[in-house]
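As a plain string of letters, each chain reads:
Protein chains: 2
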Amino acid sequence: MTDFAATKAMFNLPEGVLYLDGNSLGPLPKSAGDRVQTMMRDEWGELLITGWNKAGWMGMPTGLGDRIGRLIGAEAGSVVVGDTLSIKVYQAVASALELNPDRKVVLSDNGNFPSDLYMADGLLRSLGPDYELRVVDPKTVADHITEDIAVLMLTEVDYRTGRMHDMKALTELAHANGVVTVWDLAHSAGAIPVDLAGCNADFAVGCTYKYLNGGPGAPAFIYVAPRLAANVRPALSGWLGHESPFAFDLDYRPGTGIERMRVGTPPVIQMAALSSAMDIWDMADMADVRAKSIGLTELFIDRVEATCPELKLASPRNPVQRGSQISFRFEEGYAAMQALIARGVIGDFRAPDIMRFGFTPLYIDEKDVMQAADTLTNIMNNKLWDTPEYKIRQRVT
Amino acid sequence: MTDFAATKAMFNLPEGVLYLDGNSLGPLPKSAGDRVQTMMRDEWGELLITGWNKAGWMGMPTGLGDRIGRLIGAEAGSVVVGDTLSIKVYQAVASALELNPDRKVVLSDNGNFPSDLYMADGLLRSLGPDYELRVVDPKTVADHITEDIAVLMLTEVDYRTGRMHDMKALTELAHANGVVTVWDLAHSAGAIPVDLAGCNADFAVGCTYKYLNGGPGAPAFIYVAPRLAANVRPALSGWLGHESPFAFDLDYRPGTGIERMRVGTPPVIQMAALSSAMDIWDMADMADVRAKSIGLTELFIDRVEATCPELKLASPRNPVQRGSQISFRFEEGYAAMQALIARGVIGDFRAPDIMRFGFTPLYIDEKDVMQAADTLTNIMNNKLWDTPEYKIRQRVT
Chain A
686 MTDFAATKAM
696 FNLPEGVLYL
706 DGNSLGPLPK
716 SAGDRVQTMM
726 RDEWGELLIT
736 GWNKAGWMGM
746 PTGLGDRIGR
756 LIGAEAGSVV
766 VGDTLSIKVY
776 QAVASALELN
786 PDRKVVLSDN
796 GNFPSDLYMA
806 DGLLRSLGPD
816 YELRVVDPKT
826 VADHITEDIA
836 VLMLTEVDYR
846 TGRMHDMKAL
856 TELAHANGVV
866 TVWDLAHSAG
876 AIPVDLAGCN
886 ADFAVGCTYK
896 YLNGGPGAPA
906 FIYVAPRLAA
916 NVRPALSGWL
926 GHESPFAFDL
936 DYRPGTGIER
946 MRVGTPPVIQ
956 MAALSSAMDI
966 WDMADMADVR
976 AKSIGLTELF
986 IDRVEATCPE
996 LKLASPRNPV
1006 QRGSQISFRF
1016 EEGYAAMQAL
1026 IARGVIGDFR
1036 APDIMRFGFT
1046 PLYIDEKDVM
1056 QAADTLTNIM
1066 NNKLWDTPEY
1076 KIRQRVT
Chain B
686 MTDFAATKAM
696 FNLPEGVLYL
706 DGNSLGPLPK
716 SAGDRVQTMM
726 RDEWGELLIT
736 GWNKAGWMGM
746 PTGLGDRIGR
756 LIGAEAGSVV
766 VGDTLSIKVY
776 QAVASALELN
786 PDRKVVLSDN
796 GNFPSDLYMA
806 DGLLRSLGPD
816 YELRVVDPKT
826 VADHITEDIA
836 VLMLTEVDYR
846 TGRMHDMKAL
856 TELAHANGVV
866 TVWDLAHSAG
876 AIPVDLAGCN
886 ADFAVGCTYK
896 YLNGGPGAPA
906 FIYVAPRLAA
916 NVRPALSGWL
926 GHESPFAFDL
936 DYRPGTGIER
946 MRVGTPPVIQ
956 MAALSSAMDI
966 WDMADMADVR
976 AKSIGLTELF
986 IDRVEATCPE
996 LKLASPRNPV
1006 QRGSQISFRF
1016 EEGYAAMQAL
1026 IARGVIGDFR
1036 APDIMRFGFT
1046 PLYIDEKDVM
1056 QAADTLTNIM
1066 NNKLWDTPEY
1076 KIRQRVT
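Each protein sequence line maps, in turn, to chains A and B. Residue numbering for the first sequence is 686 to 1082, as defined by this note's numbering. Residue numbering for the second sequence is 686 to 1082, as defined by this note's numbering.
Bear in mind the hints are in silico, worked out from the structure with no lab data behind them. Incorrect hints may appear among the rest.
No distinction is drawn between identical chains; accordingly, a pair holds when it is met within one copy or between any pair of copies.
[To be verified] Each computed DMTMM-like pair below joins lysine to aspartate or glutamate, with the alpha-carbon atoms no more than 25 angstroms apart:
no.	residue 1	residue 2
1	789	990
2	789	806
3	715	727
4	789	751
5	789	815
6	1076	928
7	739	1033
8	739	1038
9	789	817
10	739	719
11	739	1074
12	997	1053
13	739	995
14	824	936
15	824	760
Here the structure is a predicted model, which is why all the values come from computation and not from measurement.
Build out the structure end to end from the sequences listed, making use of the hints.
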């Protein structure tokens, strides 16, 4: 049984803040600052270039990959860390297309995270006018899995509403139609139990700065099914994916298994921070995390719906159909979220009208949820959002 | 006049070590550990998601880009930091090809860093059989710049020998033949004065963990000439290169100027370390760095050649034709480098027979160079390399 009091104690949670935005950027593990400081002083500072071997930097991408792999049902040696999620989406889709050379269509849905669509669109444009990115409504994805589709590229959990696709059923349907699958786990890894091996998934990608708490700009990860890895010709064929990077051959030969999905020099300092976060994740069982997550989200919905009739639930009501976040629609949602943030309850807003709250059992408990719901009720019932200060939208960039 | 005693005092240089491998991984700036610790504790820890605005994380890629830009003769607002160098090579070459749609050949040379060739080859393979990566001898590049070439992709300073291409002359010749240029500055930025604007360069890329001292896995940078930026359709079109990333539109619209070359979420912790290194670089004038670098390399060549006849200079003898490193060929170079490292002189070995020494004026001075030369002389004259222990080659991965 996961000891959630112990995991909560391992995070830095600012006084007076209820943080329901761990699905955007997870909080700081208390050990991460010292871990990074020590790595910089003792490894970079003293070992210098020899740190790549002596401090094991070179093995970190696969070592961290295996620790993430446990949370997403991946086989050992099938996940590697590196780059950003956008880059890993590109790499996965381009590599998947090469496995299906006679087909030209990538199928996705309009609930996918925009950067996934941008990256795929850019890739397909470069491949020529025969290629097509087909974007359909999430509800109709199954109907569009046909024998002209090369790659099915979906984000399992919708970033706005938390709505979940059925990974197992859609992957089965895809395979029955000769389609290669790419699953984006940005809102799945650390949020819900994922069973990549059990679903027979082909490629998967995700980020580590949300539920996994790796810190701002933490690297992404990529999964390739072991049955495919030896046949994948990796797109973005960089030197650290080469069979023998330090031979400096002029010709590329892909490395063994998942190693071939590495590209350039991995971000060692970011990986040191991520390893602190994974120390906490190593204490967690995803079944426990899921059970607690459902309890927290049900509690939040119940209390908010009972007291705030203006807020309309945008997430699926059935907990098995959603991830670990709850979203409500409200026309003045931007202002209401500013009012919440001003009172120490941090969620976020997604245009045009979505107020989004992430529930992260490692450091959020029932008391937090009740307090957040009470603050929201106070704001809604007393129209505390209705001030000019909260209504002026700030550009984020 | 750059105060090199002051810059040297700002680096952590381990006792008993003479570090001539700053061209692989620069040493730790003394301020970097605290800077990163503070960023993690006060910004990530306390500001959480609001750090993107309140701590200015979102602006770091262009802010650091401008500081690097000063060292490479780039216009303000023409450099952005992110990803790895391999990814930036891909992005630059793919974007350059789009500017020259009627041509199918990328010209490079066999002195280029292998990952650049791997990335370009992977890109061209994906574009189809009409595309060609033409790899020629570095001496003959000018002869091969013809009107069928779309993109000229060169590393300015050879990673093994330090031999330099003439960026200005080759760019002029390229433009006269309608060729778009991509310059890799991995061994140039912080090593020699670069004048991208004065050379009329089109694209340039580089890394920040070598001469720039950004730390292991520090991010790369990319330059696009301002006259081109508005017309570049960026390959790797990620959300942070979008005109309005937080509108979450389904369609990609490139951002203004260099912003469009951003891809995914930038590595904030790595960038904090890099900013410490750039504080030191802000104190340096590249003309002073170059003058001192030439003095140090000339001194090293003179002393080694006078005492070690077995070592054959692999770098150009004329200092204006080389970067800030010196390489010698020696059949037992691997063992000799191990003998040097065992005695605290850190250089590196590049197959098959190159002993490579980087000279980094910010923290290496004449006394260091004389001492390194004396140690090498002792090893060579007494055949101290000739022990089984040094001859067993260790795999670096």
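The hints, checked one at a time:
1. 789 to 990: For residue 789 and residue 990, neither the intra-copy (46 angstroms) nor the inter-copy (61 angstroms) Cα distance is at most 25 angstroms.
2. 789 to 806: The answer is both: 12 angstroms in one copy and 21 angstroms across copies each meet 25 angstroms.
3. 715 to 727: both (19 angstroms within a copy, 12 angstroms between copies)
4. 789 to 751: neither (33 angstroms within a copy, 41 angstroms between copies)
5. 789 to 815: Both, since 7 angstroms and 18 angstroms are each at most 25 angstroms.
6. 1076 to 928: between (55 angstroms within a copy, 23 angstroms between copies)
7. 739 to 1033: Between copies only: 15 angstroms across chains, 42 angstroms inside a chain, cut-off 25 angstroms.
8. 739 to 1038: between (51 angstroms within a copy, 24 angstroms between copies)
9. 789 to 817: both (6 angstroms within a copy, 22 angstroms between copies)
10. 739 to 719: Answer is both; intra-copy 20 angstroms and inter-copy 24 angstroms each pass.
11. 739 to 1074: Answer is between: at 17 angstroms across copies they meet the 25 angstroms cutoff, but 54 angstroms inside does not.
12. 997 to 1053: within (22 angstroms within a copy, 70 angstroms between copies)
13. 739 to 995: Close neither inside one copy (59 angstroms) nor across copies (31 angstroms); limit 25 angstroms.
14. 824 to 936: For residue 824 and residue 936, only the inter-copy Cα distance (20 angstroms) is at most 25 angstroms; the intra-copy one is 45 angstroms.
15. 824 to 760: neither (30 angstroms within a copy, 49 angstroms between copies)
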